[in-house]
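Enquirer: If you want the building blocks of each chain, they are given just below.
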Amino acid sequence: MATDPLADQAALQGREAWEQEAERERAHGIGPWRLALRRLRRNKVALAFGFLFVLLVACCVAAPLWADRVAHTGPNENHLSDTIRVGGETKNVVGLDGIPIGPTWRGEFFLGADSNGRDIMVRLLYGGRNSLLVGISAALITTILSIVLGLIAGYSHGASDAAVSSLLDILWSFPVVILGVALGVALALDGVDIGPFSVSGDSLLIPIFVIAIAYVPYMARPLRGQVLSLREREFVEAARAQGAGPLRIMFTEVLPSLTSTILVFSTLLIANAVLLEAALSFLGAGIRPPNPSWGTMIDDGVDRISTAPHLAIVPGAMLVLTVLSLNVLGDGVRDALDPRANVRLEH
Amino acid sequence: MRRFIVRRVIQMVLVMFAVSVLVFLIFNVIPNGDPAVRMAGRQPTETQIEAIRKEWGFDENIVVQYTTTMKKVFTGDLKSYFTQLPVDEEIKKGLPRTLSLAIGAAILWMVVAICFGLYSAVKAGRFADRFLTIIALIGISLPVFWIGALLNHYLGFKLGWFPNGGYVEFTKDPVDWFYHLILPWTTLAILFIGFYSRVLRSNVLDTINEDYVRTARAKGLSERRVMVRHVLRTSMIPIVTLWGLDFGAVVAGGAVLTETVFDLQGVGQYAAEAIGQLDVPPVLATTMFAAFFIVVVNAIVDILYAYLDPRIRPQ
Amino acid sequence: MTQHRSGPEQARPLANVETTQAEAGGASTDGSAPLVEVEHLKVFFPIKSGLFFDREVARVHAVNDVTLSIAEGETMGLVGESGCGKTTISRAIMRLVDSTEGAIRFRGQDVTHAGRRRMEPLRREMQMVFQDPFASLNPRKRVGQIIGLPLRLHGSERKEIEPQVRELLARVGLHKEHVNRFPHEFSGGQRQRIGVARALALEPRLIVLDEPVSALDVSVQAQIINLLDDLQDDFKLTYLFVAHDLSVVRHVSDRIAVMYLGKLMEVSPAEELYTKPIHPYTSALLSAIPIPDPEENRRRERMVVSGEPPNPINPPSGCVFHTRCPRATDVCRTLEPPLARYPNGHLAACHHPMNVSPEEVKATEKDRTSPLSAGDELPAASGANGSGLGDGH
Numbered sequence: 644m645a646t647d648p649l650a651d652q653a654a655l656q657g658r659e660a661w662e663q664e665a666e667r668e669r670a671h672g673i674g675p676w677r678l679a680l681r682r683l684r685r686n687k688v689a690l691a692f693g694f695l696f697v698l699l700v701a702c703c704v705a706a707p708l709w710a711d712r713v714a715h716t717g718p719n720e721n722h723l724s725d726t727i728r729v730g731g732e733t734k735n736v737v738g739l740d741g742i743p744i745g746p747t748w749r750g751e752f753f754l755g756a757d758s759n760g761r762d763i764m765v766r767l768l769y770g771g772r773n774s775l776l777v778g779i780s781a782a783l784i785t786t787i788l789s790i791v792l793g794l795i796a797g798y799s800h801g802a803s804d805a806a807v808s809s810l811l812d813i814l815w816s817f818p819v820v821i822l823g824v825a826l827g828v829a830l831a832l833d834g835v836d837i838g839p840f841s842v843s844g845d846s847l848l849i850p851i852f853v854i855a856i857a858y859v860p861y862m863a864r865p866l867r868g869q870v871l872s873l874r875e876r877e878f879v880e881a882a883r884a885q886g887a888g889p890l891r892i893m894f895t896e897v898l899p900s901l902t903s904t905i906l907v908f909s910t911l912l913i914a915n916a917v918l919l920e921a922a923l924s925f926l927g928a929g930i931r932p933p934n935p936s937w938g939t940m941i942d943d944g945v946d947r948i949s950t951a952p953h954l955a956i957v958p959g960a961m962l963v964l965t966v967l968s969l970n971v972l973g974d975g976v977r978d979a980l981d982p983r984a985n986v987r988l989e990h
Numbered sequence: 258m259r260r261f262i263v264r265r266v267i268q269m270v271l272v273m274f275a276v277s278v279l280v281f282l283i284f285n286v287i288p289n290g291d292p293a294v295r296m297a298g299r300q301p302t303e304t305q306i307e308a309i310r311k312e313w314g315f316d317e318n319i320v321v322q323y324t325t326t327m328k329k330v331f332t333g334d335l336k337s338y339f340t341q342l343p344v345d346e347e348i349k350k351g352l353p354r355t356l357s358l359a360i361g362a363a364i365l366w367m368v369v370a371i372c373f374g375l376y377s378a379v380k381a382g383r384f385a386d387r388f389l390t391i392i393a394l395i396g397i398s399l400p401v402f403w404i405g406a407l408l409n410h411y412l413g414f415k416l417g418w419f420p421n422g423g424y425v426e427f428t429k430d431p432v433d434w435f436y437h438l439i440l441p442w443t444t445l446a447i448l449f450i451g452f453y454s455r456v457l458r459s460n461v462l463d464t465i466n467e468d469y470v471r472t473a474r475a476k477g478l479s480e481r482r483v484m485v486r487h488v489l490r491t492s493m494i495p496i497v498t499l500w501g502l503d504f505g506a507v508v509a510g511g512a513v514l515t516e517t518v519f520d521l522q523g524v525g526q527y528a529a530e531a532i533g534q535l536d537v538p539p540v541l542a543t544t545m546f547a548a549f550f551i552v553v554v555n556a557i558v559d560i561l562y563a564y565l566d567p568r569i570r571p572q
Numbered sequence: 007m008t009q010h011r012s013g014p015e016q017a018r019p020l021a022n023v024e025t026t027q028a029e030a031g032g033a034s035t036d037g038s039a040p041l042v043e044v045e046h047l048k049v050f051f052p053i054k055s056g057l058f059f060d061r062e063v064a065r066v067h068a069v070n071d072v073t074l075s076i077a078e079g080e081t082m083g084l085v086g087e088s089g090c091g092k093t094t095i096s097r098a099i100m101r102l103v104d105s106t107e108g109a110i111r112f113r114g115q116d117v118t119h120a121g122r123r124r125m126e127p128l129r130r131e132m133q134m135v136f137q138d139p140f141a142s143l144n145p146r147k148r149v150g151q152i153i154g155l156p157l158r159l160h161g162s163e164r165k166e167i168e169p170q171v172r173e174l175l176a177r178v179g180l181h182k183e184h185v186n187r188f189p190h191e192f193s194g195g196q197r198q199r200i201g202v203a204r205a206l207a208l209e210p211r212l213i214v215l216d217e218p219v220s221a222l223d224v225s226v227q228a229q230i231i232n233l234l235d236d237l238q239d240d241f242k243l244t245y246l247f248v249a250h251d252l253s254v255v256r257h258v259s260d261r262i263a264v265m266y267l268g269k270l271m272e273v274s275p276a277e278e279l280y281t282k283p284i285h286p287y288t289s290a291l292l293s294a295i296p297i298p299d300p301e302e303n304r305r306r307e308r309m310v311v312s313g314e315p316p317n318p319i320n321p322p323s324g325c326v327f328h329t330r331c332p333r334a335t336d337v338c339r340t341l342e343p344p345l346a347r348y349p350n351g352h353l354a355a356c357h358h359p360m361n362v363s364p365e366e367v368k369a370t371e372k373d374r375t376s377p378l379s380a381g382d383e384l385p386a387a388s389g390a391n392g393s394g395l396g397d398g399h
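Chains A, B and C, in that order, give the protein sequences. In this note's numbering, each residue carries its 1-based index in the first sequence increased by 643. In this note's numbering, each residue carries its 1-based index in the second sequence increased by 257. In this note's numbering, each residue carries its 1-based index in the third sequence increased by 6.
It should be emphasised that the hints constitute simulated quantities derived from the structure, not laboratory data. Don't be surprised by glycine CBs; every beta carbon is placed ideally from N, CA and C. One thing to keep in mind: the hints can contain errors.
Some but not every residue of chain C turned toward chain A, in silico, with C-beta under 8 Å [to be verified]:
#, residue
1, Ile53
2, His119
3, Arg122
4, Glu126
5, Arg129
6, Gln133
7, Leu143
8, Asn144
9, Glu191
Pairs of lysine to aspartate or glutamate residues, derived as EDC-like cross-links and limited to a Cα-Cα distance of at most 20 Å, are as follows [said to hold, decoys possible]:
#, chain 1, residue 1, chain 2, residue 2
10, C, Lys147, A, Glu877
11, C, Lys242, C, Glu78
12, B, Lys415, A, Asp946
Just chain A, with the same shape it has in the complex (with noise of 0.2 Å):
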């Protein structure tokens, strides 16, 4: 995981790591991405973590057949007075102080129960979902939002650039969770409407567009900073100098330099808006209940964490894994790509 001090010292004029790279294991034709995915290869704790991480995901996709076949029961059904029997002795769910059953290891409430006696695992694969489908969607927007906006500002100078660039320093003054609370807090009423599309308040497509709207800043000003000195190196001015026209350079010769830093910030990207989105769940401008999200489980938890703890701690855990394996592999990734970069995702 931590880079090699001699590679770093190797600071050649102008050469991409990747091209010393290549010289020094005399590979031929050998683009950066074979390259890169044999040093990810060789790299045993990124690799296990992103393996972590697909299979918590995979866990999660799984819910239904876990609610289905194992713990027959759905993620918003109270069992507020059911009993259930645990070694022998019959439990309440919900006993008659109100604190609900700890983790009994077993198919049924196989990590316990909440406050309105609905099974805390099966909240958590379902919360699962729902938070991970909401970050990874976010991020995806994000990334589409922050190539084409780097694109225009950082190639077209002049009047789109500008327009551009004052758009994304404006969204920059917003903190993330302030301005993604704003945000859904004003959406989550009533929804909102744009031209044809009506997004009722409870939608998750709030909390996506929200979360994607409040990163783009974050992604499309270092793009647009690489795009800017691209357009200065001589290979496009060839490109431009044989006809090729500003929309083809920008997809054929400028982007493909930009795909290493694009995918090493989208992994860091998806991690944030996982977190993102579960403070604002947690707030309770995200997702909103009883959808269940990995925040609002561990805002039910906070609330009563003295007298049952396993409320907050397991969904704080099952994050705290998922973003970091994802941070994990991003930084797996980042080394791959080059082990050189000072690629960050600015906070």
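We have chain A already, so just place chains B and C on it with the hints.
Expert: Just chains B and C now, kept in the frame of chain A:
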């Protein structure tokens, strides 16, 4: 230089204007539904809604709405319809608490991040580096509100090492004030420590290989002197800028989560409660001020940066 | 030598020379019309500054009224120090940079302000080789893709491109099998060969070479120049060869133009520039060329100029070279010398020309390519100095 400052300040004002328009749009224009109903909160009466509509000018054109909104926000004429309390009073009450949290956390994270980052860079590739990197990665993966709640519960409530949340005025009892803030500072700092130590590490690694550092070593300076005087100085510049920007972000936003968990009753928590209630006026005001604060801090940071680094000053 | 023109390329509609000439609207086909010419070309770059909005506060006079024409099949060398405007002219001709005043004509067609669409068919006929072998090839693309790009842009099918690209690689002296390698796997000289191959792909008429060998080792320079020479015969190319080193252009050029601070100092048939430099600046450039033999080096008389080139934002009055010229007098400070025509098509803009006899000085006329800002003051016979200063070799 003066020209630059003037230009930057003008730019700042323009951005603030744009921000105010954006906030206005977010709260009063973009969403569906009747803004008066939205503001009035839960189960409002018809008269209440009408009163709000008149007060805010929702039956007039958009420009009038905008100017009314701005007037209300800046003259302190803003009131929450839930709590019936004036917004600016609440903000003023909460501000010193939020600032205590933010400044303390900022200092803490800066100091620790520098140590971690520098040490990590010096021992690059070895176990210490890898270990610190893992710690940093965990740090940036922890949700602030979750870890805060856990720390508060286990270290504060269960073990009693720290107070169980709450805030004590500095003027009343400085020691207690400090004592109560230790956990919140740590919580808020963890995330940033993780992030900054890695940025510092990579900056230091880049600088270490520069020619002028090699010259310094060749001159015979001790390794520590080289590190602190030459390497650290340069690596710090981008960090300082980032720090300035993040400080704004923390005061304006990150504190929201921490204050809530530790019950510090600062501006952040005020906003958080309003959010939970979907109470528009406080959220509107806090959003606006948060963004303004950041714009101002950005401008100050830019000017400071230009002052410190003569290279980027325009002609 | 195998004519590259035979083969499947004949199917391409625009490869035909005659068709394009007809498009040019009646340019003469007697071969004497210039392939490309610039007329009183000025390229100024604005310097913007301001409180709110950027206003133009000054201009960089990169190219300041230059008239040149290059005939078909000719090689024109364009020489000068950095900042003299030679690179800007090359970019202006390729329409990579907008000109401020004046005209650019390609085959008689005015292309001064031609936009991308109008330039499209012309791009097949004019190509460019760039200076930096490391920056002019996209590091993320394979060599085959890089060379094939112009072919793809102008409509060739992928099937046709592959064999053509391999052929081109062979033509420039590289291995056909390396078509799938990346630029970084080649040396600087090889990368320039790739650049040349790319420029040849569309079989252009004109190739503009912007300091194509400046970034290469001396031994490699000679190889590339020889390659360019060979290719010129085979492909019937016209070259505009921009360089800062007079020794480089000597063997390739038919004519050489010397520029300084955006203006032409001297235009001459190639060999004559070295044996009979008329402008003091040319002498100075020649003096700067090192001679390996130390005795000969000591023996020659050198013209040494002092100081640094002035700022192109505020060019000096009168003759732009007067601030550094050891022969400068009052008239040089006030009056811009016109480009005077000397025997043999040799032009020079100087009030005190060198290496010319008084008869030749008397017989000069102001050339039509003289800048509009220059006066009519031709050098006086007495002012001419045929002294030994600055003998070329």
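Enquirer: All hints, please: hold or fail.
Expert: Hint-by-hint comparison with the structure:
no.	hint	verdict
1	Ile53	violated, 16 Å
2	His119	violated, 16 Å
3	Arg122	holds, 6 Å
4	Glu126	holds, 6 Å
5	Arg129	holds, 4 Å
6	Gln133	holds, 7 Å
7	Leu143	holds, 6 Å
8	Asn144	holds, 4 Å
9	Glu191	holds, 6 Å
10	Lys147/C / Glu877/A	holds, 14 Å
11	Lys242/C / Glu78/C	holds, 9 Å
12	Lys415/B / Asp946/A	holds, 16 Å
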